[in-house]
Amino acid sequence: MKILLVGNPNVGKSALFSRLTGVDVVISNYSGTTVEYKKGVMKLGREKAEVIDVPGTYSLEAASKAEEVAIDMIKEGEIVVNVVDVTNLERNLYLTLQLLEKNIPVIVALNFWNETKHCGIEVDVKKLEKLLDIPVIPTVAITAEGVKALVKNIKNAKKHSLKNTDNERWAKIGKIIKQTQKITPKRHTFLQRLEDLTINPLTGIPIAVIVMLSVFYIIRFIGEGLITYVFDPLFGLYLPLMQKLSSILGNGFLHNILIGQLIDGKIDFLQSMGLLTTGLFVPIAMVLPYVLAFYLMLSILEDSGYLPRLSTLVDTIMHKIGLHGLAIIPMMLGAGCNVPGVLGTRILESKRQRFIVITLLSIAIPCMAQTAMLYGLLGKYGIKGLGIVFLTLAIVWIILGIILNKFIKGEIPETFIEITPYRMPKIRILTKKLWWRMKGFMKEAIPYMLLGVIIVNILYIFGVIDIAGEIAAPIVSGIFGLPKEAVASLLVGFLRKDVAVGMLLPLGLTLKQLIIASVVLTMYFPCIATFVIIFKELGLKDTIKSSLIMIVSTLIVGGLLNLIL
Amino acid sequence: MITLEQLPKGKEAVIMGVSAGHGLQNRLCYMNIRTGKTIKKITSQPLRGPVIIEIDSRQCAIGRGMAKKIFVEEK
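Those protein sequences? They're chains A and B, same order as listed. Using this note's numbering, read the first sequence as starting at 3 and increasing by one per residue. Using this note's numbering, read the second sequence as starting at 148 and increasing by one per residue.
Okay, chain A solo, but in the shape it has when bound (with noise of 0.2 Å):
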């Protein structure tokens, strides 16, 4: 049996969802956290059932690629759990009575029930029933109160096929918001105010920059906490293990693999380039540190709801470069990891939307796990190396983006954002939120790495490097003034960001390279990952386009550099 999860953006179907099946998913208090469906199993009596959660749809009429993935998915379902944010009742039954017209069991899930309370809202739930025709549940999916008896009606779900017009559809709300809900005109309360305050120019704009900055600092704090006070202390105990280990394996291959290159006699976590040395130092005691703050602060703006302020507060900026404010969100993500970044251009609307976002995205924004290594290699330099690298960036995302604007034929659809309410950040929502994506990390992080870490070897032993550097040297040493040898740097970067820039470490390179080789190796080519969710993405046509900028947006502004500074 299939079971569908289908309602309005942000009405807690996936919390329902990893509810039902044990399943963990990202939630979020945004529109359209969930832009691919997820598919689970639960057990319904002695069955076995399918779960799907599809993306959130206001209609039954496709807007987003998110919203067209959800109708194609309900044509496949048996039965449809309609979940309904009950403090939103009359827009949410809008897609209930549509479904009530497509002949297919229906049974609505009336969540958000503990927020009718302090909402000042009351609903009669049986008179609801009576008149939907259908079992209508109160459920609160984030404490899992009324699943279960939610679970058991599933059987009870009742299908019709209505036909109506749309205006009959309002009047038929119309009437059942009449005899089935009361408000009561409540106070202003805290929140509130804050989305007043946070909503206006006068206000806003000014909280806005406050809040990224914070953001930004907290990062930093927590990263480098964890680096000084865990990380290298716990590396420090590890490498006289590695000591030994290198003296027992002695010279020869094992040794270059495991341990790796010997500097100045010593094992260097950060230059060996060994599996054991530098392919876990890399990813656990430099970047996964940065990368657990950067989903901390990005989780807790997820669940507290500003994004969908801070996107409408940047609109007029983004709409500039020919993008919604929306458009910030994926970018934000991308700033993470930029394969959910992609992933989550599906909220915009246009098919040009979403080539600019993933242009832009893999060209001008280092994912946490390269800006971490740049953060390490030119920390030390400050305004002066780092500062230089990321206005450069910036540079270059507000330049392209206003060319690809100007140059990709369309329209910027107009912007229609729902803000949704503040709600406290749940601790174990959180934790869980964050737990599920540094496994994700993990997972991605450290097998690559050490493919990288082996690749490199293997690159170096044979000779490889050393022809690819020769062929390469034209554009490597010509155009952007760095030494051949920093050509292995850029083929290890499209398996991995971080270790490529960590590989720029041994060459010796002055300020100025560095800060050249840093914004090369960001701009010129995503990773692997990223370029084969693009194709998924963007499909055979539009990846080449955009690969095609990437080159040769690298070749301008990496030239210019080496010219200017």
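Take the hints with a grain of salt, since some may be wrong.
To be verified - Derived EDC-like pairs (lysine to aspartate or glutamate); straight-line CA-CA distance at most 20 Å: (1) Lys187(B) - Glu420(A); (2) Lys184(A) - Glu201(B); (3) Lys188(A) - Asp203(B); (4) Lys184(A) - Asp203(B); (5) Lys188(A) - Glu103(A); (6) Lys128(A) - Glu92(A); (7) Lys187(B) - Glu92(A); (8) Lys184(B) - Glu420(A); (9) Lys128(A) - Asp87(A); (10) Lys184(B) - Asp168(A); (11) Lys180(A) - Glu124(A); (12) Lys180(A) - Asp87(A); (13) Lys161(A) - Glu103(A); (14) Lys177(A) - Asp203(B); (15) Lys158(B) - Glu220(B); (16) Lys158(B) - Asp168(A); (17) Lys215(B) - Glu413(A); (18) Lys180(A) - Glu170(A); (19) Lys216(B) - Glu413(A); (20) Lys428(A) - Asp87(A); (21) Lys428(A) - Glu117(A); (22) Lys174(A) - Asp203(B); (23) Lys129(A) - Glu92(A); (24) Lys184(B) - Glu170(A); (25) Lys156(B) - Glu413(A); (26) Lys180(A) - Glu220(B); (27) Lys187(B) - Asp198(A); (28) Lys119(A) - Glu220(B).
These aren't lab readings, by the way, just hints derived from the structure by calculation.
Starting from the structure of chain A, add chain B where the hints point.
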């Protein structure tokens, strides 16, 4: 009758009609922004940015172009 764009900040109004193509009307409609509903204009973003309205005690950002096509009667 004025447009939503002209409606002063902080004022409540009733939607009298939407003069737009089918697609846009539908989109607004699915969000419950339709003739007869009462809305409140919270603010509008500078430099022709979106207009923020409150409907059914939910906030929503609507592009200027769209706001010009929504006709309202101040309460």
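Against the structure, the hints come out as follows:
1. Straight-line distance between C-alpha atoms of lysine 187(B) and glutamate 420(A) comes to about 15 Å, which keeps the hinted pair within the 20 Å bound.
2. A hinted pair counts as satisfied when its Cα atoms are at most 20 Å apart, and lysine 184(A) with glutamate 201(B) qualifies at roughly 19 Å.
3. In summary, the hint linking lysine 188(A) to aspartate 203(B) is supported, as the alpha carbons are separated by about 13 Å, within the 20 Å threshold.
4. Note on lysine 184(A) and aspartate 203(B): the hinted pairing holds, with a Cα-Cα distance of about 13 Å set against a maximum of 20 Å.
5. At most 20 Å may separate the alpha-carbon atoms for a hinted pair to count; lysine 188(A) and glutamate 103(A) exceed this at roughly 36 Å.
6. Taken as a hint, the lysine 128(A) and glutamate 92(A) pair is honoured in the structure, with Cα atoms around 17 Å apart against an allowance of 20 Å.
7. Annotation: proposed proximity of lysine 187(B) to glutamate 92(A) holds, straight-line Cα distance about 17 Å (limit 20 Å).
8. A threshold of 20 Å between alpha carbons decides the hint, and for lysine 184(B) with glutamate 420(A) the separation of about 17 Å falls inside it, so the pair holds.
9. The hinted pair formed by lysine 128(A) and aspartate 87(A) meets the criterion: a straight-line CA distance of about 17 Å does not exceed 20 Å.
10. Among the hinted pairs, lysine 184(B) with aspartate 168(A) is consistent with the structure: their alpha-carbon atoms are about 15 Å apart, no more than 20 Å.
11. Under the criterion of a C-alpha separation no larger than 20 Å, the hint pairing lysine 180(A) with glutamate 124(A) is consistent with the structure, at around 12 Å.
12. Of the pairs offered as hints, the one joining lysine 180(A) and aspartate 87(A) holds, with about 17 Å between alpha carbons and a cut-off of 20 Å not exceeded.
13. For a cut-off of 20 Å, the pair hint linking lysine 161(A) to glutamate 103(A) stands: about 8 Å separates their Cα positions.
14. Pair hint lysine 177(A) plus aspartate 203(B) holds up; C-alpha atoms about 16 Å apart against a cutoff of 20 Å.
15. Straight-line distance between C-alpha atoms of lysine 158(B) and glutamate 220(B) comes to about 10 Å, which keeps the hinted pair within the 20 Å bound.
16. Pair hint lysine 158(B) plus aspartate 168(A) does not hold up; C-alpha atoms about 29 Å apart against a cutoff of 20 Å.
17. Distance check on the hinted pair: lysine 215(B) and glutamate 413(A) sit about 18 Å apart at the alpha-carbon level, within 20 Å; holds.
18. Note on lysine 180(A) and glutamate 170(A): the hinted pairing holds, with a Cα-Cα distance of about 15 Å set against a maximum of 20 Å.
19. Pair hint lysine 216(B) plus glutamate 413(A) holds up; C-alpha atoms about 18 Å apart against a cutoff of 20 Å.
20. Between lysine 428(A) and aspartate 87(A) the CA atoms are separated by roughly 18 Å; this keeps the pair inside 20 Å, and the hint holds.
21. Distance check on the hinted pair: lysine 428(A) and glutamate 117(A) sit about 14 Å apart at the alpha-carbon level, within 20 Å; holds.
22. Our distance criterion of 20 Å between C-alpha atoms is met by lysine 174(A) and aspartate 203(B), whose separation comes to about 18 Å.
23. Simply put, lysine 129(A) and glutamate 92(A) have alpha-carbon atoms about 15 Å apart, close enough for the 20 Å limit, and the pair holds.
24. Distance restraint check for lysine 184(B) and glutamate 170(A): the Cα-Cα separation of roughly 16 Å lies within the 20 Å cut-off, and the hinted pair is therefore satisfied.
25. The straight-line distance between the Cα atoms of lysine 156(B) and glutamate 413(A) is roughly 29 Å, outside the 20 Å bound, and the hint therefore fails.
26. With a CA separation close to 23 Å, the supplied pair lysine 180(A) and glutamate 220(B) exceeds the 20 Å bound.
27. Of the pairs offered as hints, the one joining lysine 187(B) and aspartate 198(A) holds, with about 12 Å between alpha carbons and a cut-off of 20 Å not exceeded.
28. About 32 Å separates the Cα atoms of lysine 119(A) and glutamate 220(B), which puts this hinted pair outside 20 Å; it is violated.
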